[in-house]
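Asks: Per the numbering used here: the sequence shown = residues 42 to 129.
Just so you know, these hints were derived from the structure itself, not from any lab. Among these hints, one or two may not hold up.
Ranges of calculated distance between the beta carbons of each label pair, as one might list FRET restraints [to be verified]:
(1) Asn118 <-> Thr56: 34 to 42 Å
(2) Thr83 <-> Asn110: 38 to 46 Å
(3) Pro121 <-> Val57: 18 to 26 Å
(4) Ala43 <-> Phe107: 17 to 25 Å
(5) Thr83 <-> Val53: 24 to 32 Å
For lysine to any residue, the following SDA-like pairs were computed, each having C-alpha atoms within a straight-line distance of at most 20 Å [as the list claims (entries may be wrong)]:
(6) Lys88 <-> Lys104
(7) Lys88 <-> Pro70
(8) Lys88 <-> Asn52
(9) Lys104 <-> Ser49
(10) Lys104 <-> Ser66
(11) Lys104 <-> Asn75
(12) Lys104 <-> Thr125
(13) Lys104 <-> Val57
(14) Lys104 <-> Pro117
(15) Lys88 <-> Thr125
(16) Lys104 <-> Val128
(17) Lys88 <-> Gly64
(18) Lys88 <-> Val128
(19) Lys104 <-> Pro121
(20) Lys88 <-> Asn110
(21) Lys104 <-> Val53
(22) Lys104 <-> Ser120
(23) Lys104 <-> Ile61
(24) Lys104 <-> Gly51
(25) Lys88 <-> Val72
(26) Lys88 <-> Asn75
(27) Lys88 <-> Thr45
(28) Lys88 <-> Ile61
(29) Lys88 <-> Thr73
(30) Lys88 <-> Cys115
(31) Lys88 <-> Val53
(32) Lys104 <-> Thr127
(33) Lys104 <-> Gly59
(34) Lys104 <-> Thr48
(35) Lys104 <-> Ala78
(36) Lys88 <-> Ala62
(37) Lys88 <-> Gly59
(38) Lys88 <-> Val46
(39) Lys88 <-> Leu55
(40) Lys88 <-> Gly50
What you are looking at is a predicted structure, and each value in this text was computed from that prediction instead of being measured. The beta-carbon is built from N, C-alpha and C at its ideal position, and this holds for glycine as well.
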Amino acid sequence: MAGTVSTSGGNVVLTVPGPIAGGTSFTPPAVTINVTAGSPGTPITSKYAGTSFANPGMTMTTKVAFIGNVATACYPNPSPTLTTTTVS
């Protein structure tokens with residue numbers, strides 16, 4: 042399933058259209074990000090965004106039988122480091 046990538050407030054946003062069938066495994070599409078190096082010794086770190094339920098790192102809409110669409114949001118606490126590269 043293809044997605045679209047955009048930026049918002051310094052974050053990279055991956056949007057994947059649904060639906061994703063219930064009871065199935067889903068792996069989001071890979072995203073390649075090119076960054077510009079800073080000064081030597083400066084780390085470039087990628088993490089999931091989000092700091093609270095009001096500022097989530099992941100949102101989705103779930104279709105629940107007899108109820109309809111239910112918004113779901115979550116955020117990692119603490120946010121795990123996905124990658125780190127140190128500029129040398």
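Asks: A separate judgement is required for each hint: does it hold in the structure or not?
Replies: Against the structure, the hints come out as follows:
1. Asn118 <-> Thr56: 34 to 42 Å: 23 Å, violated
2. Thr83 <-> Asn110: 38 to 46 Å: 43 Å, holds
3. Pro121 <-> Val57: 18 to 26 Å: Because 20 Å falls inside the window, the suggested range holds.
4. Ala43 <-> Phe107: 17 to 25 Å: 31 Å, violated
5. Thr83 <-> Val53: 24 to 32 Å: With a Cβ separation near 19 Å, Thr83 and Val53 fall outside 24 to 32 Å, so the hint is violated.
6. Lys88 <-> Lys104: Between Lys88 and Lys104 the Cα gap is close to 28 Å, so the pair fails against 20 Å, i.e. violated.
7. Lys88 <-> Pro70: 17 Å, holds
8. Lys88 <-> Asn52: 10 Å, holds
9. Lys104 <-> Ser49: 26 Å, violated
10. Lys104 <-> Ser66: 17 Å, holds
11. Lys104 <-> Asn75: 35 Å, violated
12. Lys104 <-> Thr125: 36 Å, violated
13. Lys104 <-> Val57: 16 Å, holds
14. Lys104 <-> Pro117: With Cα atoms ~23 Å apart, Lys104 and Pro117 exceed 20 Å; violated.
15. Lys88 <-> Thr125: With a Cα-Cα distance of about 9 Å, the restraint between Lys88 and Thr125 holds, given a limit of 20 Å.
16. Lys104 <-> Val128: 45 Å, violated
17. Lys88 <-> Gly64: 27 Å, violated
18. Lys88 <-> Val128: Holds, because 17 Å separates the two Cα atoms, which is no more than 20 Å.
19. Lys104 <-> Pro121: 29 Å, violated
20. Lys88 <-> Asn110: Roughly 28 Å separates the two Cα atoms, so the pair is violated.
21. Lys104 <-> Val53: Violated - the C-alpha atoms of Val53 and Lys104 are around 26 Å apart, more than 20 Å.
22. Lys104 <-> Ser120: 27 Å, violated
23. Lys104 <-> Ile61: 10 Å, holds
24. Lys104 <-> Gly51: 30 Å, violated
25. Lys88 <-> Val72: Holds - the C-alpha atoms of Val72 and Lys88 are around 13 Å apart, at most 20 Å.
26. Lys88 <-> Asn75: 15 Å, holds
27. Lys88 <-> Thr45: Holds - the C-alpha atoms of Thr45 and Lys88 are around 19 Å apart, at most 20 Å.
28. Lys88 <-> Ile61: 24 Å, violated
29. Lys88 <-> Thr73: Roughly 14 Å between the alpha carbons, so the hint for Lys88 and Thr73 holds.
30. Lys88 <-> Cys115: 14 Å, holds
31. Lys88 <-> Val53: 10 Å, holds
32. Lys104 <-> Thr127: 43 Å, violated
33. Lys104 <-> Gly59: At roughly 11 Å apart (the allowed maximum being 20 Å), Gly59 and Lys104 satisfy the hint.
34. Lys104 <-> Thr48: 27 Å, violated
35. Lys104 <-> Ala78: Answer violated: Lys104 to Ala78 is near 42 Å, above 20 Å.
36. Lys88 <-> Ala62: 27 Å, violated
37. Lys88 <-> Gly59: 24 Å, violated
38. Lys88 <-> Val46: Between Lys88 and Val46 the Cα gap is close to 16 Å, so the pair holds against 20 Å.
39. Lys88 <-> Leu55: Holds, because 13 Å separates the two Cα atoms, which is no more than 20 Å.
40. Lys88 <-> Gly50: The hint holds at about 14 Å.
Comparing the model with each earlier hint shows violations of hints 1, 4, 5, 6, 9, 11, 12, 14, 16, 17, 19, 20, 21, 22, 24, 28, 32, 34, 35, 36 and 37; every other hint is respected.
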